[in-house]
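Participant: Going down the list, the protein sequences come from chains A and B.
Residue numbering for the first sequence follows my numbering, starting at 282 and increasing by one per position.
Residue numbering for the second sequence follows my numbering, starting at 611 and increasing by one per position.
There's no promise every hint is true.
Output of the computed footprint for chain B on chain A, the stretches with three or more beta carbons under 8 Å from beta carbons of chain B [what the hints assert, rightly or not]:
1. 336-350
2. 399-410
3. 432-441
4. 492-499
Partial list, derived from the structure: chain A residues whose beta carbon lies under 7 Å from chain B [to be verified]:
5. Ala364
6. Leu368
7. Val454
In case anyone wonders, no lab produced these hints; they're calculated from the structure.
For glycine and all other residues, C-beta sits at the position ideal for the given N, C-alpha and C.
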Amino acid sequence: MHPVPTPPLATIETRGLIRRFDRQEALRGVDLTVAPGDCLAVFGPNGAGKTTLLRVLAGLLDPSGGTASVAGITLPGGVAARAQVGLISHHTMLYPALTARENVEFAARLHGLASPRAAAESALGRLGVLDRADTPVRILSRGLQQRVSIARAFVHAPRVMLLDEPYTGLDAVGAAALSEALTDLQSSGAALMLVTHNLDEGLALATHVAVMRGGRFVRSARRDAIDPTSFASEYRAVVGAAG
Amino acid sequence: MTPPPAAPGVLVAAWTIARKDLTVELRTRAAFLSAAVFTILAAAIFLYAWDPTAVAAIDLAPGVLWVIFTFAGLLGLNRSFGAELADRAIDGLLVAPISREAVFLGKALANLIFVLGVQVVAIPTVVLFYNLSLGWGAVAAIAGVAVLAAVGLVAVGTLFSAMAVNTRLAELLLPVLALPFFVPIVTAAAQATVLLVNGRPLTGALDWIRLLVAFDLVFVSACTVAYPFTIER
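Make a model of the complete structure from these sequences and hints.
Facilitator: Now the structure itself:
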């Protein structure tokens, strides 16, 4: 008799997630599930609530209502939840006066890694910027800064990777390095959530897609169940309606 | 997947943050140079505004010293959290698996070392400008008072720097918020300094020093506990 396979434990899960800023609701009851090894790409117009959703899942904002969990830890989950998360944003979150190596090593130390220097070099090598490791970040190009920022987020091999427009500023080599690193992370069982305006980039990585508008998911589907061409026109209609 | 490593403890994380802040300051020297130049200029202005026939140097110098400490320190405290806003580096700190208290203590420790560096410039400058003759014992005692006062000033200043940084008028708001809380610390420190400059033994200033220690304990504890509430959640 063969054991019945159990479904994988969801790594990101929200139910009726609400986030208010004063009286305005930025998230109005978001339900989502991302299993280990899955990547949810969230598309939506400006002001749809995508970044707020990522910031709640990253532990930077508390939910105002509903529930959210990462790696089985209910948010706000404090240090234990944040240890599981990597965050890439269109802000680099780097210190311009420090070198690329010092920035990534600083993040490695904050995550309690045993060999922060080796971990930093490994992450920088993965993003193809090890040769610029000793260059102060302020004199790197925007694209190289973004690669260092991505290395910072990868340094502790997080179980949950949250990405907000991660391809911003990257050249073709940087974008390929990021895609490869994300694919490797996904293969190792991490859950990815990618927020972007760029349909091609999102659809290339995603196992699931969702469209967000007005703080809610208005469409969600498995990636293999959608046709990119019709999805693109449907998305344009949503964005147009929002604008 | 392998489980994440154990997060660093509060003190380790605080030291990691302080070391990073000090490295940034050593590279840019922006705040320290400003504070050092301010210290020397302020001492010179007080010197030229001073009428030696009306007030003796020994009576004036402690007040001048503490006015300079207070305002030079504010220059560094203003930058403490301001530097974290460039490209939202603060998000990288807040998403790390460390306690909010560790962030505060790390920032405060870096600020303390900064303020002590300013004091290393300020004390000899004032001693030189006002031609004070102090024995090594008095210098050591004044340095001790300066360290105790710096701890309290930095705790309050770091907290208010965190509160003010997200406002449009951060550089104006920090002194407005912090200076009223500096008054008891500066009063105790200045009174102790007056006694020591006048050649009294350390035991003569013990009451003021005890008061400084009490302020330090209260302000460091209260500000560490209060800091997490300054972060938007």
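Participant: Please check whether alanine 364/A passes as an interface residue: C-beta within 7 Å of a C-beta belonging to chain B.
Facilitator: holds (4 Å)
Participant: Valine 454/A was flagged as interface toward chain B. Is the shortest Cβ-Cβ separation under 7 Å?
Facilitator: violated (22 Å)
Participant: Do three or more residues from the segment 336-350 of chain A put their C-beta atoms closer than 8 Å to C-beta atoms of chain B?
Facilitator: Per the Cβ count (5), the hint holds.
Participant: Per the CB criterion, is leucine 368/A less than 7 Å away from chain B?
Facilitator: Check passed: Cβ of leucine 368/A comes within 5 Å of chain B, closer than 7 Å.
Participant: Holds or violated: the segment 432-441 of chain A covered by chain B, criterion of 3 or more residues with Cβ-Cβ distance under 8 Å?
Facilitator: It holds: at least three residues are needed, and the segment 432-441 of chain A offers 5 whose Cβ sits within less than 8 Å of chain B.
Participant: Under 8 Å between beta-carbons, do enough residues of the segment 399-410 of chain A, three at least, approach chain B for the coverage claim to hold?
Facilitator: violated (count 0)
Participant: Closer than 8 Å, Cβ to Cβ, for at least three residues: run that test on the segment 492-499 of chain A against chain B and report holds or violated.
Facilitator: violated (count 0)
Checked against the numbered hints given earlier, this structure breaks hints 2, 4 and 7; the rest are met.
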